[in-house]
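Asker: In order, the protein sequence lines correspond to chains S and V. Here this note's numbering runs 7 ahead of the position in the first sequence, where the first position is 1. Here this note's numbering runs 7 ahead of the position in the second sequence, where the first position is 1.
Calculated from the structure, these hints are not laboratory results. Bear in mind the structure is a predicted one, so any value in this text is a computation, not a measurement. Hints may be right or wrong, so weigh each one.
Selected chain V positions facing chain S (Cβ under 10 Å, derived; list incomplete) [as the list claims (entries may be wrong)]: (1) R66; (2) A153; (3) D191; (4) T195; (5) S201; (6) R208; (7) W209; (8) R216.
Once the Cα atoms are required to be at most 20 Å apart in a straight line, the calculated SDA-like pairs of lysine to any residue come out as [claimed, not checked]: (9) S/K94 / V/A70; (10) V/K94 / V/R114; (11) V/K94 / S/R53; (12) S/K94 / V/H69; (13) S/K94 / V/R66; (14) S/K94 / S/A124; (15) V/K94 / S/K94; (16) V/K94 / V/P190; (17) S/K94 / S/R53; (18) S/K94 / S/S83; (19) V/K94 / V/V110; (20) V/K94 / V/D191; (21) V/K94 / S/A70; (22) V/K94 / V/A186; (23) S/K94 / S/E157; (24) V/K94 / V/L48.
C-beta: ideal position from N, C-alpha, C; glycine also.
Protein chains: 2
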Amino acid sequence: MSGPLRTDDSAGELDTAPVIESGLDESEARDLAQAWLNEPLAPAARRLLIGAVEAFAARGYHATATRDIAARAGLSSAGVYVHFASKEELLYQISLIGHRGTVQVVRAAAARSDEPAQRLRAVISAITAWHARYHTTARVINYEMAALTERHRSDISTLRREIDALVRQTLADGVASGAFDVPDVRGTTLALLSLTIDVARWFRATGTRAPEELGALYGDLALRMAGHRG
Amino acid sequence: MSGPLRTDDSAGELDTAPVIESGLDESEARDLAQAWLNEPLAPAARRLLIGAVEAFAARGYHATATRDIAARAGLSSAGVYVHFASKEELLYQISLIGHRGTVQVVRAAAARSDEPAQRLRAVISAITAWHARYHTTARVINYEMAALTERHRSDISTLRREIDALVRQTLADGVASGAFDVPDVRGTTLALLSLTIDVARWFRATGTRAPEELGALYGDLALRMAGHRG
DNA sequence: GACGCGACTAAGCGTCTGCTTAGAATGTGC
DNA sequence: GCACATTCTAAGCAGACGCTTAGTCGCGTC
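Go ahead and model the full structure; you've got the sequences and the hints to work with.
Answerer: Next up, the structure:
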């Protein structure tokens with residue numbers, strides 16, 4: 008019943024990345040800059056945020072020294088505090104910009120259709136692709152929430168609840184219209200968002216799967232999980 | 008098409024936990040002790056491992072001071088180094104014990120049936136329940152891998168690959184027998200394991216869902232994702 | 001009762017941490 | 001050409017970090 012299967016590359020995707028010292032590759036840095044292009048920031052502040060995202064994603068918030076962030080931005084260690092009140096403030100701004108970006112992407116995807124199945128596919132594949140494309144940012148905003156102050160974490164939770172509510176409502180609408188078969192709407196919502204968030208943990212830009220391809224796969228899986236009669 | 012939906016408790020599950028200062032609740036501490044009962048350890052070494060798991064899960068590896076781990080075990084800060092060569096060695100032992108436990112659970116679940124659908128359900132629900140019940144340990148071993156030395160991380164990856172291979176093989180067997188419809192076996196394997204791992208991020212012992220209930224839900228979702236013709 | 005041995009601690013070493021201070025450099029408005 | 005605000009740095013503070021050292025303690029062995 009069993010045959011040989013490759014275990015090389017896909018198993019690598021399962022693992023947590025070795026710490027990357029050299030920063031982002033060129034294309035990802037461009038993507039990142041583009042995602043933050045509409046934020047009205049002084050050049051040094053933008054460089055600090057990008058440097059902080061790289062460092063936090065590679066080493067973790069607590070393992071990153073403010074001196075390292077400053078160096079990535081081409082500043083002295085004191086230069087950080089001209090633009091940000093504290094290291095936590097840097098994390099908060101990253102988290103805020105990142106979550107606002109996700110919410111924007113989710114809203115745009117939801118606006119594409121009122122029909123539950125189409126909307127679910129669009130929303131899940133959009134969140135997935137976003138987490139893959141900006142996996143560096145996504146890793147920081149999803150796995151460093153515990154490092155935020157209570158006040159800041161509470162602000163971020165408000166944004167996260169909006170995404171949760173939209174997915175849950177889409178499932179509920181599909182059940183009501185008979186398009187979906189979901190015995191546990193709350194649990195399935197949780198599982199769907201969980202699936203997309205975990206992309207930030209394992210996704211590598213060097214892998215074989217493009218963000219949009221992964222989004223398409225996860226969109227299909229979402230419809231299966233929703234018991235879509237298609 | 009839309010109606011009111013509660014957003015209180017389930018959205019809370021989506022968030023990362025606030026840092027818990029007071030350690031494990033009683034029942035979880037008992038679970039943890041029981042899970043490590045068969046490990047041949049000196050009492051102080053066991054107390055250190057349990058204290059380290061609590062601290063690493065609550066604050067993160069880098070944010071945890073060895074002095075704090077020692078205090079949880081009722082030792083002076085130097086007492087740690089009688090039993091473990093370094094802080095990283097503590098993390099490695101936790102990771103090793105945790106991963107061996109998961110592999111054991113997965114093997115036991117797989118042994119319950121040769122039939123792909125039953126095996127997939129058993130394996131996914133077992134991994135899920137394990138990650139929920141031992142979510143403190145699971146969080147450490149899944150999210151602090153980057154803090155391991157290259158050598159140690161490589162050891163751990165070997166154990167993770169076994170789990171990956173078993174799930175992938177089960178999907179492949181089901182496709183071969185006609186029980187499953189999976190266009191992308193590698194991607195679906197990744198998604199299935201991703202789903203179970205992320206439980207460690209959001210699961211709270213104080214939540215409404217018991218580990219076994221969550222396992223049952225995820226077992227059902229796994230069959231749907233595999234396109235099981237039931 | 002002297003000995004050896006593993007478990008443990010008080011004290012502290014050198015280094016690194018987030019952040020501050022005092023002041024230099026630069027650009028702008030008048 | 002002078003006042004002013006902004007951006008930045010060199011130097012450093014106070015405390016925390018992982019880990020070591022020297023030595024104490026309790027206990028089983030002969």
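Asker: Of all the hints numbered above, which does this structure not satisfy? Sort the numbers upward.
Answerer: 10, 11, 14, 15, 16, 19, 20 and 22
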